Every structure is written in structure tokens, then in C-alpha cells.
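Please construct the entire structure, taking both the sequences and the accompanying hints into account.
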Amino acid sequence: MTALVQFKHVTKQYGGKKALDNVSFTLEPGKIYGLLGPNGSGKSTAIKIINDLLKPTSGMVLINGAKPGVESKKIISYLPDRNYLNDWMKVEDAFKLFEDFYKDFDRTRAEEMLKSLNIASDARLKTLSKGTLEKVQLILIMARRAKLYVLDEPIAGVDPAARDYILQTILSNYGEDSSILISTHLITDIEKVLDEVLFLQNGRIVLSGAVDDIRAEHGKSIDGLFREVFKC
Amino acid sequence: MLAKLLKYEIKASARTLIPLYIGTLIVALVCSIQIMLSINSSNGNFAMAVGSFEANNTLTGILFLLFFGLCVAITVLTIMTVIQRFNHSLIGDEGYLMFTLPVTHTQLLSSQLIAAMLWSIIGIFVMFLSSMIISFSGVMLGWDELNLNTINWNQIADIIQTAIQPMLISVIYGFFSLASAILLVYLSIMIAQTEKLNNHRVAVAVILFFVIGWMFSGVESILFPEIRNIAAPDGFHISDDFMWAYNMAMACQIAFEAVKCVICFIGTKWLMQNKLNL
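Here the protein sequences come in this chain order: A and B. So the first sequence is residues 1 to 232, counted in the working numbering. So the second sequence is residues 1 to 278, counted in the working numbering.
If you're looking for bench data, these hints aren't it; they were derived computationally from the structure. Among the clues, some could well be false.
Derived lysine-lysine pairs resembling DSSO-like cross-links, with alpha carbons at most 30 Å apart [what the hints assert, rightly or not]:
hint	chain 1	residue 1	chain 2	residue 2
1	A	Lys220	A	Lys192
2	A	Lys90	A	Lys126
3	B	Lys196	A	Lys17
4	B	Lys7	A	Lys55
5	B	Lys196	A	Lys96
6	A	Lys17	A	Lys55
7	B	Lys196	A	Lys18
8	B	Lys11	A	Lys18
9	B	Lys275	A	Lys103
10	B	Lys7	A	Lys103
11	A	Lys90	B	Lys196
12	A	Lys90	A	Lys67
13	A	Lys18	B	Lys275
14	A	Lys130	B	Lys7
15	B	Lys196	A	Lys73
16	A	Lys130	A	Lys90
17	B	Lys4	A	Lys126
18	B	Lys269	A	Lys55
19	B	Lys11	B	Lys269
20	A	Lys31	B	Lys196
21	B	Lys275	B	Lys196
22	A	Lys8	B	Lys269
23	A	Lys90	B	Lys4
24	A	Lys73	B	Lys7
25	B	Lys196	A	Lys115
26	B	Lys4	A	Lys192
27	A	Lys67	B	Lys4
28	A	Lys126	A	Lys67
29	A	Lys103	B	Lys11
30	B	Lys196	A	Lys8
31	B	Lys11	A	Lys115
32	A	Lys96	B	Lys4
33	A	Lys103	A	Lys90
34	A	Lys17	B	Lys4
35	B	Lys7	A	Lys31
36	A	Lys115	A	Lys67
37	A	Lys192	B	Lys269
Some chain A residues judged to face chain B by a derived CB distance under 8 Å, without partners named [to be verified]:
hint	residue
38	Asn51
39	Leu54
40	Val70
Since the structure is predicted, the reported quantities are computational estimates derived from the model, not experimental observations. Each residue gets a CB set at the ideal place from its N, CA and C atoms; glycine is no exception.
Structure representation (C-alpha cells):
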């Protein structure tokens, strides 16, 4: 089976600084990956490269066996760490936009999620709170039948009560052949759903592997290990 | 996909520009009605009508000021909207959505350009139409004295026939000039957002717009004498060959504007593909 994402010796340089330094990893279908690391470790750069928002300085990136481009965008559902919707829109306009551009967008599924989160479909985006806006974006992303979901800090802006619901939404809405890549600082909340983790530090992968193996090897939770590895 | 992109791009700008266009047309109509009421109150006497504006119709003056203010607003807001839409939707936070849609960079850039061209043309048309509405009251002023039998319709037809071709060529030239100006704005913004220049994005974009524009003008001034020589070796003067010379010169100018469009489009697209810095 073709790997969903392959990074082969990828380096991304900004001026003299290396945001990613000779990074190689593979994401397989059917798993949930955690991309963990402190600020400035290169997480966002890696995510932007996967989504074709940045070109690597050197190395090769393959998405489902091909270079990032129009085809890869059809199979990746990407949630950035900011509001990327135009504020003139209502929630239903955003649904229509996704329906227009993504063949895999499931409108019924989106409306179900919207209903369970008590968000009105005719609400204007500019009237929504930051947390509600994040939920709307998460609904849009998870209502797609994508092969890869890339979620950049998906629970950072919402209250703890909503986090469990969101994690549940993520888990119940991705197919068996799909994978999820989650970048987050809130490891405690997310640890229980992860299959594998990639620890990034100064643009390099310092630790990677299956969560259960790492826990067994180090005798610590992923959160505990993160605090130890990235101790200030 | 281009049509879909265009639909959302037009929707995003329509909320600002459509009310402004409607407002301008309404003010022009009210101005026109106000002038006609003044004419009626002075029994069609032009001197009395003018006196009537000056003495009694402060309202007319205010309406005219408002009308010209709205025309200025249309120009400024259309330019601002074109710049702001490109800035927000491609290199602002919205870029995270636009650049992850399954569309090509050519489609993204084309949708921006077509929408900007469309709004600019509609803006020009609205200002033209508003002027026509106001002028209509002037026509009404002398309508009673107008004797249609004294008009030499053949002469008017000749003038139109002679003018139509250069007018058409001028419109095509205007179209390409508008496109090249918009694409030059896009190119300047895209260069300014690159990693090394990003800290002073706005200032750099403005400077680049003038510097690149100046460079194009330099090339044009080198080429133009040659174009003029080809078109009219003895210099421009009204002669039998004048129209041919004019058409040739304009054709060369149109070609030059088209080349500018291609350079700016390819440059902007390359920067979007390779040097995007979201």
C-alpha cells in the first residue's frame, strides 16, 4: 500500500535558519499521528509543506505517491491554526463553498455535527466567538471523506468541556483507511487517541514511533516524556 | 473551477461596491430631477434656471458635491477593493483556504484578475451612466427649442463611422492597460510578501509598483519612437494616412500592454508557486 505522506530528507531554510533539517518520515493509512514539539520546532513548516503552502529547499515530499498539487489537495483535509473563512459568510455559505470545491464533502454529516453543537446554520461568521468559529472550521474539515486530515492545534481555542466532544468528533468521523496528523501542545487531552507520535525539536525529529512502544520503553506517558524532552 | 472561484470572489466584493454604485446612480437621478424642477420653476428660461440654482437651490449644490464625492469614492474604493481582495484572499489568512482548494495557481490568479477587471469596468460604466443621467436634464432644458429637422443626420452618421474604429481600438487599449496595471499591483504585492522583504510589505509593494512601472515606461519610451517611425515615418499629421498611422501605433501599444500582462502574470504565478510566505 502506498504511504499517504513521505518526507525524504526534507530541509526548509528561511534565510540562514533551518526550520526543517533533513527530516524523513512516513505516514501510513489508518493511523492517528501526533506531531509534537515546542514553538519554533518546525511543526507548522512541515504541515505547510504537506499542504503545498511551502516548497522545501531540498529533499522530496510525496503525497499518495505524487508531488503536492491539485490532486493531493483533493485528498487532504486541512485545518489551520487560524480563521481562514471570509467573515461576510454565514455558516451555510461556508458549507456551500466546501460543497462546491470538494467532491468528498458530506453536507448531511456537516449539518448533523452543527446541530449537535447547537450552532445556527444562518449565523454570520463574524458574529461567532473564536471557539465557535473553530468548531465550524473543524466541522467543515471533518465532514469531508478525506484520506488525510491535517489538524493544526484543533483544540487550542475551545473550552475543556468542548475538547472531549471535538476529539470524539474527530475519532468518529474518519474512515478506517484515512489518517490524521494532529499538531498540538495539549498532549494530555489528545494522548489517548494517538497511535504514533513524531517529536520535533529545532527542525529535527528527535523521537518517533508507536505510542504504546514509547510508553513501555520510557516508562512514562507521552505528556511526561514531552515535558522531559522539551524541558526549558 | 474558475467559474466557482469567480463566484465567491465577486460575492466578497459585491457587499462593498454594489451599494456604492446604486447610491451614485440614485444621487445622479435626484440631481437630474432637481435641475429639471429648477428649469420648470423658471419657465424654461436658461438664465433664470441658472439663477435659480445659485439663489435658491443650495440642495442642488449639495447634491452635486455628493455626486462628485461618490464618483471619487467609486474610484478609490474600487482600487482599494482590488488590492485588499488580493491581499486578504491570497496572502492573508484566507490564503490558507484558497491555496488548499483543489485548483491551479492559474485559476486562482485569473479569478482575481477577472473580478478586479469586472469591478473596474462596472465602476467606470456607473460613473458614465450617472453623468448621462445628469446630462439628460440639460437636454431637457433645450428640448423645446430643438428642431430635429435642422440636424444633418448624414453628417452625424459620417462622424460616427469615422470615429467608431479609433474608439474601438482605444477601448481595447484601455482594456489591456487596465489588466496590465492590475497585474502590476499583484506582482508588486507578491514580491513584497516574500521572506526577505516581508517586514515592510506595504512600503515595499508601493515602491515596487512605481519602480517596475517606471522600468516598463523606460522600455516603452525606447520602443515608442520606433513604433512611431513604423506607423508614420513623416511624423503624425492629419492626412489620408493618419488613420492607418494611428491604428498601427495603437496596435503596437496594445501589443506592448499585452506583453506587460504576460510578464506580470507569469511572474506573479511563479511567486505564488515557489515563494509563497503565508
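How the hints compare with the structure:
Straight-line distance between C-alpha atoms of Lys220 of chain A and Lys192 of chain A comes to about 13 Å, which keeps the hinted pair within the 30 Å bound. Our distance criterion of 30 Å between C-alpha atoms is met by Lys90 of chain A and Lys126 of chain A, whose separation comes to about 8 Å. Using a Cα cut-off of 30 Å, the hinted pair Lys196 of chain B and Lys17 of chain A holds, with the two alpha carbons roughly 13 Å apart. Annotation: proposed proximity of Lys7 of chain B to Lys55 of chain A holds, straight-line Cα distance about 29 Å (limit 30 Å).
About 38 Å separates the Cα atoms of Lys196 of chain B and Lys96 of chain A, which puts this hinted pair outside 30 Å; it is violated. A hinted pair counts as satisfied when its Cα atoms are at most 30 Å apart, and Lys17 of chain A with Lys55 of chain A qualifies at roughly 15 Å. Straight-line distance between C-alpha atoms of Lys196 of chain B and Lys18 of chain A comes to about 15 Å, which keeps the hinted pair within the 30 Å bound. Annotation: proposed proximity of Lys11 of chain B to Lys18 of chain A is violated, straight-line Cα distance about 41 Å (limit 30 Å).
Proposed proximity of Lys275 of chain B and Lys103 of chain A is supported: the alpha carbons are some 29 Å apart, at most 30 Å. For the hint linking Lys7 of chain B to Lys103 of chain A, the alpha-carbon distance of about 18 Å falls within 30 Å, and the restraint holds. Between Lys90 of chain A and Lys196 of chain B, the direct Cα distance comes to roughly 37 Å. Violation of the 30 Å bound is thereby established for this hinted pair. For the proposed pair Lys90 of chain A and Lys67 of chain A, the alpha carbon gap of about 34 Å is over 30 Å, so the pair is violated.
As the CA atoms of Lys18 of chain A and Lys275 of chain B are separated by approximately 16 Å, the hinted pair is consistent with the 30 Å bound. For the hint pairing Lys130 of chain A with Lys7 of chain B, the CA-to-CA distance comes to about 27 Å; that is within 30 Å, so the pair holds. Between Lys196 of chain B and Lys73 of chain A the CA atoms are separated by roughly 28 Å; this keeps the pair inside 30 Å, and the hint holds. The hinted pair formed by Lys130 of chain A and Lys90 of chain A meets the criterion: a straight-line CA distance of about 15 Å does not exceed 30 Å.
Between Lys4 of chain B and Lys126 of chain A, the direct Cα distance comes to roughly 23 Å. Compliance with the 30 Å bound is thereby established for this hinted pair. At roughly 14 Å between alpha-carbon atoms, Lys269 of chain B and Lys55 of chain A fall within 30 Å of each other, so this suggested pair holds. Taking the CA atoms of Lys11 of chain B and Lys269 of chain B, the gap is near 23 Å; set against the 30 Å cutoff, the hint holds. Between Lys31 of chain A and Lys196 of chain B the alpha-carbon distance is near 38 Å, which puts this suggested pair outside the 30 Å criterion.
Distance check on the hinted pair: Lys275 of chain B and Lys196 of chain B sit about 10 Å apart at the alpha-carbon level, within 30 Å; holds. Straight-line distance between C-alpha atoms of Lys8 of chain A and Lys269 of chain B comes to about 27 Å, which keeps the hinted pair within the 30 Å bound. The hinted pair formed by Lys90 of chain A and Lys4 of chain B meets the criterion: a straight-line CA distance of about 17 Å does not exceed 30 Å. About 20 Å separates the Cα atoms of Lys73 of chain A and Lys7 of chain B, which keeps this hinted pair within 30 Å; it holds.
Between Lys196 of chain B and Lys115 of chain A, the direct Cα distance comes to roughly 46 Å. Violation of the 30 Å bound is thereby established for this hinted pair. With a C-alpha separation of about 41 Å, the suggested pair Lys4 of chain B and Lys192 of chain A falls outside the 30 Å cut-off, and the hint is violated. Between Lys67 of chain A and Lys4 of chain B the CA atoms are separated by roughly 25 Å; this keeps the pair inside 30 Å, and the hint holds. Distance restraint check for Lys126 of chain A and Lys67 of chain A: the Cα-Cα separation of roughly 36 Å exceeds the 30 Å cut-off, and the hinted pair is therefore not satisfied.
As the CA atoms of Lys103 of chain A and Lys11 of chain B are separated by approximately 22 Å, the hinted pair is consistent with the 30 Å bound. About 27 Å separates the Cα atoms of Lys196 of chain B and Lys8 of chain A, which keeps this hinted pair within 30 Å; it holds. Distance check on the hinted pair: Lys11 of chain B and Lys115 of chain A sit about 27 Å apart at the alpha-carbon level, within 30 Å; holds. For the given pair, Lys96 of chain A sits about 11 Å from Lys4 of chain B by alpha-carbon distance, which is consistent with the 30 Å threshold.
This hinted pair checks out: Lys103 of chain A and Lys90 of chain A have alpha carbons roughly 21 Å apart, not beyond 30 Å. The straight-line distance between the Cα atoms of Lys17 of chain A and Lys4 of chain B is roughly 39 Å, outside the 30 Å bound, and the hint therefore fails. Between Lys7 of chain B and Lys31 of chain A, the direct Cα distance comes to roughly 37 Å. Violation of the 30 Å bound is thereby established for this hinted pair. With a C-alpha separation of about 38 Å, the suggested pair Lys115 of chain A and Lys67 of chain A falls outside the 30 Å cut-off, and the hint is violated.
Taking the CA atoms of Lys192 of chain A and Lys269 of chain B, the gap is about 43 Å. The hint is violated against a cut of 30 Å. Residue-level restraint check for Asn51 of chain A holds (minimum Cβ-Cβ distance to chain B is 5 Å; threshold 8 Å). Given the 8 Å rule on beta carbons, the hint for Leu54 of chain A holds: about 7 Å separates it from the nearest Cβ of chain B. For Val70 of chain A, the interface hint holds, since its Cβ comes within 8 Å of a Cβ in chain B; the closest pair sits about 5 Å apart.
Hints 5, 8, 11, 12, 20, 25, 26, 28, 34, 35, 36 and 37, counting from the list given before, are not met by this structure.
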